[in-house]
Each structure stands twice: as C-alpha cells, then as structure tokens.
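Colleague: Listed here are the chains, written in short residue letters.
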Amino acid sequence: MKARVFITLKKGVLDPQGKAIHHALEGLGFSGVNDVRAGKLIELDLAEGTSDADIEDMCCKLLANTVIENFRVERLETA
Amino acid sequence: MKSAVVVFPGSNCDRDLAVALEQITGRKANMVWHKEPELPEGTDFIGIPGGFSYGDYLRSGAMAARSPVMRAVKDAAARGVPVIGICNGFQVLTEAGLLPGALMRNARLSFVCREVPLRVENSQSLFTANYETGETVTFPVAHHDGNYQADPETLDRLEDEGRVAFRYLEDCNGSARAIAGILNDTGNVLGLMPHPERVVEPAHGGTDGRRLFEGLLETVNA
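Just so you know, the protein sequences line up as chains A and B, in that order.
Letter 2 of the first sequence, counting from 1, is numbered 2 in this note's numbering, and no numbers are missing.
Letter 63 of the second sequence, counting from 1, is numbered 63 in this note's numbering, and no numbers are missing.
One chain only, chain A, in its complex shape (with noise of 0.2 angstroms):
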C-alpha cells in the first residue's frame, strides 16, 4: 500500500525560497503567476494494514514539523 504526504508551510509563514522561484518564473517571462508556495512531497511504501492514525503519527512525530507546516495523506490504490 503506498501513501503520499504533501508537506505545505502553513498560511502567513514567510517562504523565501517560493519568492526566489516566484522571481526566477517571472523573470522568464511568466506574467501571470500570482504566489509561489514550495512544498514537500514524501512517499510511502507502506504494510497493509496501516491505519490513517499510524500515518497521522508519522507525520506529526517526524515529517512535518507542526510550528511551521501543514500536511495532508494521500493513500494510493496499490497497482
């Protein structure tokens, strides 16, 4: 089972580096782009089994740091 954790800074928190691309975008012409925002994305090769909760505890202990950032699960359909 596969999951995937989209890792967002959270609403008002300064993000240099999705100004930097926000510059880097318009500065090849791109007019229209209003905000950049840069994320993370991790995934997981997850036991069957593994509950939401298992997954909520990963995010919280280890792969978003709370202060400063959002998460949201994907869980994939395995293929």
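Wrong hints could be hidden among the right ones.
[As the list claims (entries may be wrong)] Not everything, but these chain A residues come out facing chain B in the computed CB check (under 10 angstroms):
#1 L9
#2 G12
#3 L14
#4 P16
#5 L63
#6 N65
#7 I68
#8 E69
What the hints contain is simulated information worked out from the structure, not anything from laboratory work.
The C-beta atom is built at its ideal place from N, Cα and C for all residues, glycine as well.
Got chain A; can you put chain B on it based on the hints?
Modeller: Structure of chain B alone, referenced to chain A:
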C-alpha cells in the same frame, strides 16, 4: 563542571565546543555519540554543537532531534541540567520540542558567515550572568537556516518572560523580532544561532563568548 558534548553524524563544531569547554572549565568534555541511550554519570552541562547533522535532511535538526541520546538530554533538561544548543544545536533543540518555534531558511536564501553584533537582552540567566543587560557583544554566525519564527503569542510570551537572551543588532537572517537566542521556560536551556565557542581566546579575534561559559561554570560550581 562535567560537560558532555553530543556528536551527531555531520556535527562539525563539536571539537570547537569541547576545546572551549576544556580551556574554561579545566576538564575534558565527554564526547557522546548520538546512539548512546545515556549520558555519562554526573553530567552537569550538555552542549549540542553546530554542524549539519544528517546533512540537514528533511529539516535542519529533524533527524538528530529523534536520535536515542536526545531522550537522555530531555530527561536531564527536565531535571534542570543546563543545556546549550549552538547553531545546528539550536535547530535540534527546537525540533526536539525543548525550545519553542522553528528555524527556517534565511530570508534572503543565502548562507551567512560573518561576525554579527548582538545585544544581551537578559543577564539574569545561567548563561548570561557575566554580561550586562543591554551590552553589545560580537559573535560569529555561519548558517543557512537561522531565521527564527514562532507565532505572535509565543513571541510575546518569550519577550514578556525575559526569555529572549540575545538579539541581532543588524539584519542577519530575517528572524522574527531579530531574535538570535532564546531560553526555555525554566531558564536552563539556551539555543542560539551565533557561535560563542568561536570567540573565547584572543587568537580567535575576540573573546566575547568566553564569559558565557565562565558565567555558567561559576553558577554550576556554586
């Protein structure tokens, strides 16, 4: 004073800290590998050094904060043992939940490596007893992720409780309220981005950091 310096894979200021401690306390520091579940018996000071533990993977300090030795550090801190986290050590202490807030990428994205003037905001702590409140000291900084951030309530609480130990006197990394170093609520844990251990003898170009360790030694031995 019996010091322990924790060493993670990727620590690179552990020796600097150990040399400073030996010179000032007259006693060799115990170097404690991150896999150790216990600190040496009788440890009465713990240093978490600078560096790039675990290559800064995931987030600076994130992996180190979950290593076995950190459980022993947390227990010791809860018993009142003084703990200092310098640079990466500060990042480790916030990730471990021993200090509030987080250290993010520098606001201008560049690595800063220079000497920075700081104001001592509180000379009543274990670590700052040999400084005057309001005094200016100069410590070197060398970091990429030193931008201290916390929610406004936490920042207000730190200010109100006198837990901002050091503040940058010039823009360094974008830290909220120019915070360079903070104390925990019981005053025995200090985290700071600048490096006091790199300014302890005249050959370093300055000795402003020396009084931090001397003050601590006097308090611990008192």
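Colleague: Hint by hint, note whether the structure agrees.
Modeller: Here's how the hints hold up against the structure:
{"no.": "1", "hint": "L9", "verdict": "holds (9 angstroms)"}
{"no.": "2", "hint": "G12", "verdict": "holds (9 angstroms)"}
{"no.": "3", "hint": "L14", "verdict": "holds (7 angstroms)"}
{"no.": "4", "hint": "P16", "verdict": "holds (5 angstroms)"}
{"no.": "5", "hint": "L63", "verdict": "holds (7 angstroms)"}
{"no.": "6", "hint": "N65", "verdict": "holds (6 angstroms)"}
{"no.": "7", "hint": "I68", "verdict": "holds (5 angstroms)"}
{"no.": "8", "hint": "E69", "verdict": "holds (9 angstroms)"}
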